[in-house]
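Quick note, this note's numbering runs 4 ahead of the 1-based positions in the sequence shown.
Check the hints yourself; a few may be wrong.
[What the hints assert, rightly or not] Just the calculated beta-carbon pair ranges, DEER-fashion:
| hint | residue 1 | residue 2 | range |
| --- | --- | --- | --- |
| 1 | THR8 | ARG45 | 37 to 47 Å |
| 2 | ILE11 | ASN35 | 51 to 61 Å |
| 3 | MET24 | ASP46 | 30 to 40 Å |
| 4 | ASP46 | THR8 | 30 to 40 Å |
| 5 | HIS5 | LEU41 | 35 to 45 Å |
| 6 | THR8 | PHE39 | 36 to 46 Å |
| 7 | GLY14 | LEU41 | 32 to 42 Å |
By construction, these hints were calculated from the structure, which means they are not laboratory data.
For each residue, glycine too, the CB sits at the ideal point set by N, CA and C.
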Amino acid sequence: HTETPFIITGCLFMGVGFSMLLICGVLQRKNVVKFVLDLNRDLYFLNINKSYMWKVMFENRTDLPLSE
């Protein structure tokens, strides 16, 4: 048995797979950019340094309201 037909078939399948992945990436580029921009906008409003949970977990408890 020779391996040549199997190597050719494998390379053909790999080429088709990579070309489909490239086509999907080009077609979904707009959606991926929109998703990343929305994620950045959402994370911008989640400023962890000023949040109440951050103060409860990591800052001095005497600085918090209702501290004893």
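Each hint tested on the structure:
no.	hint	result
1	THR8 x ARG45: 37 to 47 Å	violated, 54 Å
2	ILE11 x ASN35: 51 to 61 Å	violated, 36 Å
3	MET24 x ASP46: 30 to 40 Å	holds, 31 Å
4	ASP46 x THR8: 30 to 40 Å	violated, 53 Å
5	HIS5 x LEU41: 35 to 45 Å	violated, 54 Å
6	THR8 x PHE39: 36 to 46 Å	holds, 44 Å
7	GLY14 x LEU41: 32 to 42 Å	holds, 39 Å
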